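Residues per chain are reported as follows:
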Amino acid sequence: MVDAATETVGIRAARHARPKPSIFKRKSTIAFLMALPLIVIILLLVLYPALYSVHLATLNKSMERFVGFGNFEFLFKRETFWMVVKQSCIFAVTAVLFKALIGFFVAHFVHAIPDKGQRKWRGMLLVPWVIPPAMSTLAWFWLFDPSYSAFNWLFALVGIDPVPWLGDPYWARFSVILVNVWYGAPFFMIMYLAALKSVPEQLYEAASIDGANWWQRLWYVTLPMMRNIISITVLFSLIVTFANFDIVRVLTAGGPIDQTHVFATWAFKLGIEGGDIPLGASVSLFMVPILGVAAIFILRDITKRGNEA
Amino acid sequence: MTRARVSRRGVLKGAAAISAVGLSAPFVRGAYAAGKLSCGFWDHWVPGANSALTQLCQEWAAKEKVDITLDFITSQGNKNLLTIAAESQARSGHDILAFPTWQPADQARNLEPVDDIMTELIKQNGKVNGTVEYLGRSGGKWIAVPATAGSQIKGPCSRIDLLKQHAGIDIRAMYPAGSAPKADAWNMDSFIAAAEKCHKAGVPFGIGLGQTSDSVDTAGAIFQSFGATLIDEKGNITVKSDATRQVLDYCKRLVSFLPGDVSAWDDASNNKWLVSGRGALIMNPPSAWAVAKRDAPQIAEQLWTHGMPAGAKGRYSPFLPYFWGTWNFSKNKSAAKSLLMHISQPAAAEKMVIASGGYDLPAFEKLTTFKTWAEEGPPKGTLYHYPNPHNHQTLSIAAAPAPPKIAAQIYTQATMTKMVVRHAQGEAMEKTIAWAESELEGFSRS
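Respectively, the protein sequence lines represent chains A and B. Numbering-wise, the first sequence is residues 30 to 338 according to my numbering. Numbering-wise, the second sequence is residues 1046 to 1491 according to my numbering.
Calculated from the structure, these hints are not laboratory results. Everything numeric in this text was worked out from a predicted model, so none of it was measured. Incorrect hints may have been included.
What the hints assert, rightly or not - Ranges between beta-carbon positions, derived for each pair:
hint, chain 1, residue 1, chain 2, residue 2, range
1, A, Lys145, B, Ala1131, 49 to 59 Å
2, B, Asn1436, A, Leu73, 18 to 28 Å
3, B, Ala1218, A, Ala272, 54 to 64 Å
4, A, Val269, B, Ala1479, 34 to 44 Å
5, A, Lys106, B, Lys1227, 26 to 36 Å
6, A, Phe326, B, Gly1272, 26 to 36 Å
7, A, Glu93, B, Lys1279, 15 to 25 Å
8, B, Ser1301, A, Leu328, 48 to 58 Å
9, B, Ala1131, A, Gln231, 54 to 64 Å
10, A, Ala60, B, Gly1280, 38 to 48 Å
11, A, Lys106, B, Lys1279, 17 to 27 Å
Just so it is clear, CB atoms sit at the ideal spot from N, CA and C, and this is done for glycine as well.
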């Protein structure tokens, strides 16, 4: 008994006597040091410009005077600003909806292809997402070109009147959304394909034994299993699409008569081309609360997923 | 003991004498002048045109023993505007920078006054036109020097054969090579009549109504020739006028004779329109002709660059000057000014005009008669009237005479072309004018 007690005390003493690792050998320190380059990059290239743009947004047009929320008050009275808000919402929501739907169905088709040939299809379907959007949009611009549209040339062969792809406001909106969907759908496809592959086969077997048809298997097995990945992908894409610049810039530059401007292109137009940097900064910062709300949803969903796992 | 009394008048006289000596003396390489000089020039789209400027700078650097660095910054994707914005924010960058049309006014408080250079250049090369003064001066001082490289007039470039065949206009007789224009009959009425005839013949005029520079420049010149100003020189909104109503009505009629998609045109669309042989006239400097000379020589042989039609208030042609300036935070201002003087000499200007195939335009009145414009071809003399050698049209810029900072907004937001498109697409005239008025109120904020 006494021996046992002495042994316990000895172990405790040994534990207390174990020297603490030096600060440079601690795991947390090493982790911090390894993440430091990224932290520095984020501070320099993200945080500093973000704070600087907040500062710019509080200045007057000639950047000599502090005006607080004056630029935002001014913007809220502008008809064009609200038109841009409306257009950005139409652009982002429509594009993400179609990207999600197309990505979902294409992922199912690809999933159904035997493993042997699936890799080729996956590779080919990812091509739009891999090409830099500024370049691929330029190719689309040539297809839609006001005077020499390749599509219109094909239409002419079958007797269809030319379509003013970029000259008519509605067709121009359609065109920029179409190109965004073309560019972004492969991302959804690959994410959904990964999700589909992680659904245990036994669930489908059990559903089949219970007599579930294709639609019921999709609704009661596939969709619940993909729920998290769908919501994360949709929200992530919504953020990226809201902030889109290159497609609209290359394809229409916001025209005709401002009917395809989104936040980023209009901010560039006002700030850089128009020389009103504070107003441009204010337009781009208007996205922050919208995207911030979306980011909160993403983070909440990730946490939820982590807890479920 | 005697003490010299220094009066206020004496000090002023002394300062004036020192300034006069300083300004009139050539740049003398001193301990501060030699050293480094970095220049950011516009990257010319004409192949080989940058080399003339490079040679001139290197000649000067060798003579003055200055270590010079040259960057040619493209205007593609507004890279040059981004550079200007970044350097002015950082208060650091090139010693000399090329500033497109509206940028000197926008950056006025960051630019070193160049009255000394301009006084000398005007004495030497003659006056500059009103547009250069409007854009290059701020607060009573010259803030930038008009650059030869990149400056252009955007008047019409027409097909000789198509205008004659379909509209009965002999454009070469109207604008003969080597002599003054006989263009009294070339006015807005004959212009729209020709547009209608060419439209009927299937070779419409290719005038863009998009939001890029070519479209805005044309709309601006037409507005000015009707006397329609959106904002006057004092900053008052003047868009609600009979002149505006007249020009909108005229443009609506004109749009009906243009290709259906002109509201989506950019600065390349009009060139393609002419070079492909689909149209009888566009509004652009001889870039379309230069491209045609390379890609479609049979079309180039039929192209003639000439003046704008006259409106009720005069004959206005769009002029877009580039400027060279030096930041007030530049580390080598004296060397920068010396180089600016060197590259603004007549011989230097002529070298740039030759290298650009006649595209570049010096802003000074004595420098509009270089041989290049008279001899370039085919057809020979096609560029003779490009530099406005007989001053028969007023060189102007869209949105003038509004204060430049407001005018720059009108220009970049393409307010005039948007007004034309809105009205042409069926919006009631008063609604279009009310919309423009609201936009202009926004541009006028300080």
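Status of the hints after comparison with the structure:
1. Lys145(A) / Ala1131(B): 49 to 59 Å: holds, 53 Å
2. Asn1436(B) / Leu73(A): 18 to 28 Å: violated, 54 Å
3. Ala1218(B) / Ala272(A): 54 to 64 Å: holds, 57 Å
4. Val269(A) / Ala1479(B): 34 to 44 Å: Because 37 Å falls inside the window, the suggested range holds.
5. Lys106(A) / Lys1227(B): 26 to 36 Å: For Lys106(A) and Lys1227(B) the Cβ distance comes to about 52 Å; the hint is violated.
6. Phe326(A) / Gly1272(B): 26 to 36 Å: Violated: the Cβ-Cβ distance is about 56 Å, outside 26 to 36 Å.
7. Glu93(A) / Lys1279(B): 15 to 25 Å: With a Cβ separation near 22 Å, Glu93(A) and Lys1279(B) satisfy 15 to 25 Å, so the hint holds.
8. Ser1301(B) / Leu328(A): 48 to 58 Å: holds, 56 Å
9. Ala1131(B) / Gln231(A): 54 to 64 Å: holds, 59 Å
10. Ala60(A) / Gly1280(B): 38 to 48 Å: violated, 59 Å
11. Lys106(A) / Lys1279(B): 17 to 27 Å: holds, 24 Å
Comparing the model with each numbered hint stated earlier shows that hints 2, 5, 6 and 10 do not hold.
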